[in-house]
Each structure stands twice: as C-alpha cells, then as structure tokens.
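Asks: Okay, here's what each chain looks like letter by letter:
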Amino acid sequence: MGSSLFTPLSLNDAGFILTGVLNTVYISVVAISVGSVLGLIVGFIRSISKNYINFIFGAFLDILRTVPLIIQLILFSTYVGVLGYPLDPFVSGSIILSLYTMAFMSEVFRGGFDSVPNSMRIASRSLGIGYWQTIRYIVFPIGIRTVFPSWLGVALSVIKDSALVSVIGYMELLRTSELLITRSQQPLEILIGVGIFYFIISYPLSLSGRHIERKMAI
Amino acid sequence: MGDYEFHWIIVYRALPQMLKGAFVTLHVSVFAMFLGIIIAVFLALGKMSGTKILNIISNSWIEIARNTPALFQMYMAYFGLGAFGIHLGPYKAVLSALVFINAGYLAETFRGGFQSIPATQLIASRSLGMTSIKAYRYILLPQMFRRVYYPMTNQFVWSILMSSLGILVGMNELSGETQRLQSLSFRTLEFFIVAAFLYYVITKFVLYIADLISQRVFKGDI
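Chains A and P, in that order, are what the protein sequence lines are. FYI, the numbering for the first sequence is 6 to 223, going by our numbering. FYI, the numbering for the second sequence is 2 to 223, going by our numbering.
Possibly wrong hints are sitting among the right ones.
As the list claims (entries may be wrong) - Each computed EDC-like pair below joins lysine to aspartate or glutamate, with the alpha-carbon atoms no more than 20 angstroms apart: (1) P:Lys205 - A:Glu183; (2) A:Lys55 - A:Asp119; (3) A:Lys165 - P:Glu64; (4) P:Lys205 - A:Asp119; (5) A:Lys165 - A:Glu183; (6) P:Lys48 - P:Glu6; (7) P:Lys48 - P:Glu64; (8) P:Lys53 - P:Glu64; (9) A:Lys55 - A:Asp67; (10) A:Lys55 - A:Glu112; (11) A:Lys165 - P:Glu109; (12) P:Lys53 - P:Glu109.
Note that these hints are calculated values from the structure, not bench results.
Excised from the complex, chain A in its bound form (with noise of 0.2 angstroms):
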C-alpha cells in the first residue's frame, strides 16, 4: 500500500542526477578558475605590498573567510534581490563561490611569492632582466610551482563547498538527489551515489597532489 504513494527511482531520473552532476561539475570550474586569477593577483599586491595595503585586503579577506559560505550565499542573494537586481541563482552563487575561492588563493600563492628568496629577483634585475620580466620568468614559475599542492587542496576543497550553493536554489547535485528523497524515499541508495561521485572526483586528485609533494619534497 505504501508504495502506491511515491514512486520509486525509475532510469529517467540517471537524467535528472546528470544534470545535477553538469551543473556541480560547472560552477566548480568556473569558481575554481575565476576565484584563482582572482587569488594570483591578490597575493600577488599582498606579497608587494605595504602594511597598510595588506590590512585593507586582510580584513576583506579575513571576513570571507570566517563567515559560513551558507550565511555568504543567502546574504548576497537576499542582498542583489533587495537591490532590485535579482541574479539567477547560478550566477550569484558563482561569484560568492569565485570570492570566497579567491579568499583562500589568495594566501596560497602569497606564500609562494614569498617564498622566492629576495637575493634571486636582485641577482635577475642584476643581470639586467627587467622588473616584470622578473616576475614573469623568475618569481612566477618558482612560486606557483611550489604551491601547486595546497593550490589542490583549496580546489578539491570547493569542489565540495560547491555542494552549499543548493541552498540558494541552483541545481547541484545534493540538491537534485535531495529531491529526488523527497520524491521516492530511498535516501540511502540516492546517497550512497551522490557520495562515490564526489569520492571519484576528489580522491584520484588528493592522491596525486600526495604525490607531487612527495616528488617535489625530495
């Protein structure tokens, strides 16, 4: 009797979940991507710059980074909405994503900056090597190379905060098979799924970013 009252999985809805996985698989790309140009240059002016310059872009920075992504999301969509502008939950959802990637880039590659000894850039302007062209050919390759591990540890990182952008209604995966357990009431199947999809795509990459850092290590 109870069956008759939800419907259980049937093969249309392998279409419904793929589009949730498109969709997660869409605005982690393009968080990632914007939210690391956006964290090369601003830890680029912050490995630069002066004191005061910093303190402005660490408390922007720091506020991204110690209020929840949930209360970020419903904040800036709430907000554009009161503005009069609402957004499509996609596109709000990825600049909020974008920024707070860009949070976490932005200290990533800082480190690296700083971790190119002064004496090169000095011994590359001795040599008559110009000032952008230090940093293009010298600090650039060295400092990004040395980071690429914990630059893989944010993007997996928001790979899976990107899971939190249902809550402003986009299409991810959690939320789709959310509705889909509303719908047949098979939580632990739909689950299980949803889990070794993002298991597939996290865990090949945690394990060569291990992997690169042990090479590089050495």
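Got chain A sorted already, so can you dock chain P onto it with the hints?
Replies: Just chain P now, kept in the frame of chain A:
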C-alpha cells in the same frame, strides 16, 4: 541602497534568541571537536599500526571524511541512517557528521605529528620499563599535541563554520535559529547580517582564546 528600509528593532528584540543559538553553535562544535580528537588519535594509531583490519578501517574512515562534502555527511546522518532504523534528531545528526569529519581530518594531522617525533623515543621509553600505554600517555601524546596545536585550532574554526549547515536540517544553532526568526518577519537581510557578525565575533574570540592557551600551556614555543 534602493528603497529598502532596514528594521533593526525586530532583530534587536530577537537578539536573546540569536545569542542562545550562538551558544548552541559553540556548544556543538566544542563537543564535536572533543569527540573528534579522541577518535582521531585512535584512527591515526590504527593507520600507523601493522594490523591490516585496523589499517582498512582507519584508511576508509579518513578517505571518506576527507573526500566527500560536509553537507553530504550531514544528509547521510539525517536521512541516510534512517534506512538502518537509526533516526537522529537535528542536533545529533549535525554532531555526528561533525565528529565524523573532524576525526577524519585530524587523524591525518595527528599522523603527521606522530611521525615527526623520532621513533627512538618510543623505543627508549619502552626500554626504561614503561608500558606502551604509559609511553604514549607521557611521552608521545604531549609532544604530538604540541606540534599539531595550530592545525587543530584551524580545524576547530572550520567546524564552527560548518555547524552552520544545521540550517538545512532545522537545528536550533545560530544559522538555523536565524532562519527560523527571519521566517517570522521576513527581515532576511537584517537577521543574516547580524548572524554573519556573530560568526565573525565567535571565530575571532575562539582564535584569541586558543592563542592565550598556547601562551599559557606551551610558554611560547609552538
């Protein structure tokens, strides 16, 4: 600013309830951290031990915790466990998800901490007639906790922030309470601005306390 009028008085009247929510947030994360640390020590030891079954258990716990979203764990605790006849309330669901993740992340940190202690110390303490438990209790654990103190505070802050996922399972911590209060008046923006501010204050306060403890207990050297 558009033509939006802020009505702070509603938030002001609801402030006691929000502070109560903030207390629940702090409470659940302290509890989750405490249980997480205890389990993580055993997971780290299990991962380093030679016994195969312990290896498999701790490896799968650590990898699942580290490679799936926190929200997934929370749904698993709240909806998924029902399939086994375990029905957790919101508080217990959030707590168990946080404990699971904290233990997984901290185990890896602790393993690093244990491995940074020279192996000869364990051998030396055993040869002085200490039992294995005593050697861990008096020699290895104190040094390990000292070395992983800062990663541990980071994990604690992270778990405070992640307890905000309680909003999705209807828990009465800061976010969930804010969500409930704003649904009475639809002053979403005001309520969540205050919530964001409270999270900021809580996080800074915890970091400050952690710094004080490290100065008092470790006397400055990491």
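Asks: Take the hints in turn and mark each one as holding or not.
Replies: Status of each hint after checking the structure:
Restraint check for P:Lys205 and A:Glu183: not satisfied, since their Cα atoms lie roughly 34 angstroms apart, outside the 20 angstroms limit. Note on A:Lys55 and A:Asp119: the hinted pairing holds, with a Cα-Cα distance of about 14 angstroms set against a maximum of 20 angstroms. Taking the CA atoms of A:Lys165 and P:Glu64, the gap is about 14 angstroms. The hint holds against a cut of 20 angstroms. Distance check on the hinted pair: P:Lys205 and A:Asp119 sit about 26 angstroms apart at the alpha-carbon level, beyond 20 angstroms; violated.
Proposed proximity of A:Lys165 and A:Glu183 is supported: the alpha carbons are some 16 angstroms apart, at most 20 angstroms. Straight-line distance between C-alpha atoms of P:Lys48 and P:Glu6 comes to about 57 angstroms, which puts the hinted pair past the 20 angstroms bound. As the CA atoms of P:Lys48 and P:Glu64 are separated by approximately 11 angstroms, the hinted pair is consistent with the 20 angstroms bound. Between the alpha carbons of P:Lys53 and P:Glu64 the distance comes to roughly 16 angstroms, so the proposed pair stays at or under 20 angstroms and holds.
About 18 angstroms separates the Cα atoms of A:Lys55 and A:Asp67, which keeps this hinted pair within 20 angstroms; it holds. Note on A:Lys55 and A:Glu112: the hinted pairing holds, with a Cα-Cα distance of about 16 angstroms set against a maximum of 20 angstroms. Only pairs whose Cα atoms come within 20 angstroms are accepted, and A:Lys165 paired with P:Glu109 is accepted, the gap being roughly 18 angstroms. Between the alpha carbons of P:Lys53 and P:Glu109 the distance comes to roughly 18 angstroms, so the proposed pair stays at or under 20 angstroms and holds.
In this structure, the earlier hints numbered 1, 4 and 6 are contradicted, and the remaining ones agree with it.
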